[in-house]
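*Asks:* Spelled out from the first residue to the last, the chains are:
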Amino acid sequence: MGVEPGRVHFSWISSAESTKFVDVVKKVTEAVRAVGPNQKFVKKELKVA
Amino acid sequence: MIAYTDKIRDIARRLLKDCRVETVIGFRNGSMPMMNEPCFIKNVDDVDHLIWDGNCGINLANYLTNRTDKIAVVAKGCDSRNIVTHIIENKIKREQLVIIGVPCKGMLDKRRIKAMAPGEVTRVVEDGESVRVCGAGFEKTYPRKDMLQANCAVCIHRNPVIYDELVADPVPEQQNVDRYEDVRAIEAMSAEEKWTYFENLLAPCIRCYACRNACPLCYCPTCFVDESTPQWVGKSQNPVDVRTFHFLRAYHCAGRCTDCGSCERACPMGINMRVFTKKLEKEAFEQWGWEAGLSLDQRPPLDTYRPDDPQDFMK
Ligand code: SF4
Ligand code: SF4
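Protein sequence lines, in the order shown, are assigned to chains A and B.
Position 6 of the first sequence, counting from 1, maps to 6 under my numbering, and the rest follow consecutively.
Numbers given in my numbering equal positions in the second sequence, counted from 1, plus 49.
In case anyone wonders, no lab produced these hints; they're calculated from the structure.
Be a bit skeptical, because a hint or two may be false.
Stated by the list, open to error - Here are the simulated BS3-like cross-link-like pairs (lysine-lysine), alpha carbons at most 25 Å apart as the crow flies: (1) B/K142 / B/K163; (2) A/K27 / B/K364; (3) B/K364 / A/K20.
Just so we're clear, the structure is a prediction, and the values are computed from it rather than from any experiment.
Extracted from the complex, chain B is given alone in its bound form:
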């Protein structure tokens, strides 16, 4: 991880010095452990703020929307796929970007680490294949692979799909991963069980919209939940309104979501709203063989017509 950090700093320094870019978007240490925050570096002297470790789970493609400057952006596998999506949706131009690709080894699940620690976590150190979690009066070591975020554990695109510089050699992609075990479990439920499952899942939601704000796909100038004329969805905590927000947002991400996990990571209540987007991701894959953000030359299934589009649901 230190090697990654050094390389990112070197590249950023060079790009800024040569005036290739005006801004470098990367991560710096947050004020709390495991809470790295996105940062915008404009000055060569600030390059040493940049870091890389297993807590860079927020998707940096989110910060590219409609920008007009020349930007270098640090991108792991999923970020790079969202950058591709941004480019095909005309939210940024390829020519504006220098993509600093990071072959990713998976992000750490901060909630699991906090839950397993016997006290308040003050420091988390990654050391190759293990993670050392430290706090007042305790120090524990866990295998890194057991501490990954749920989406990273089943990720099959760890290496950036598009980049100008790479901070290290590509990592081996995970093989024989069952990506949709969780979705299938829900599909197997009866209508009544599903209803209850989602009711319980969303019960803690406070509608802060952190999930939406963290998502690179959610860039509409005014989100449907914020509109008032007409008001598409009630603004209350009523379970019907909460559910409407979640499943409509998920539909807006259909065929676009890369399962980067930013939404779940950002949620203050720890809600796994990814079950909605993952179902649609599975659908896009099974119906059209589509995985979002893999290529600049292919249009997404929902903005193209093909005579052989599946239509079994039409009667």
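Here chain A stands alone, though its shape is the one from the complex:
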């Protein structure tokens, strides 16, 4: 699709695994920050001449 690798993550976390949840969120945040702000799937404002 052209979305950068590192922007989408999948994980399986039970409601009892709070520490895993925290770990995953940290990792995901870091990874996404490294990729930078999303430019894809963003509607650009129309340029009016």
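Here the structure of chain A is known, so what remains is to put chain B with the ligands in place on it, guided by the hints.
*Replies:* Quick look at chain B with the ligands alone, frame taken from chain A:
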């Protein structure tokens, strides 16, 4: 092809006369060359409208959804696989159907024929292994195998997988076909190249939804693109909305698409949106060894759980 047509008419006549079915769904000549249209025959006197040739690319399984009558339906390989999918998804009952199987030799690519012809095409005649294309002041003959639709050129299920009557002996299946050359080429691109590739691919899309309407899998009473509360996707021509429509529709076809090519054939802009569904078809094959619509006894991978389901993408 004439032999096919005669046989289809004979079978249809017999089924209607014996009241085995109320309706026969097949093809008749369209008002333009290479544009055969689906037709519903209810009366023995109309049976001679039915025809068969290389322009019957629209998938007739599309017309079976939620029907309650007894129907005979003409089905080539891919149609029969979509009929199987319809049956396992409870959209029609096997008992309602008499399937008239057509061993298929591939459908003609009307766009390629039009592009190669030096003028307006007024008539296309198939003659065994060749195709004669006629128009004002020209007549050209091409080998039939060079004029096939892209999906038919790599088809490995030409014979119907399920049928009650067969109009001819099964045709040999194509061997050693590389089905996914095009998908691999896209997979090899970088994220940026992919983005641009799809942007260009979808740029001509006018969102007429002909691709969705021609697809037998797209039978939801209200499609997600038409819903307004909530509105899942913008209704504009903005490339983001267009892309969202296409890739979500493709995902809804994951593990179900038979690569029948109806969607691409129906598109007025000639967009090859099959690259999306084909990628998912490849995925279903590589992950679960699944090819859609081959058997009535197997549940599709996306509605069953198996302990050994691949999950490498889960972290
Ligand atoms: S049929 Fe073609 S133009 Fe119409 S919505 Fe589909 S891709 Fe777009
Ligand atoms: S998505 Fe296209 S190729 Fe796949 S089943 Fe639907 S119409 Fe056929």
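*Asks:* When you check the alpha-carbon spacing of B/K364 and A/K20, does it fall within 25 Å?
*Replies:* Holds, at about 10 Å.
*Asks:* Does B/K364 sit within 25 Å of A/K27, going by the straight-line distance between their CA atoms?
*Replies:* Given pair A/K27, B/K364 holds - Cα atoms ~10 Å apart, limit 25 Å.
*Asks:* Does the alpha-carbon distance linking B/K142 and B/K163 stay inside the 25 Å limit?
*Replies:* violated, 40 Å
Checked against the numbered hints given earlier, this structure breaks only hint 1.
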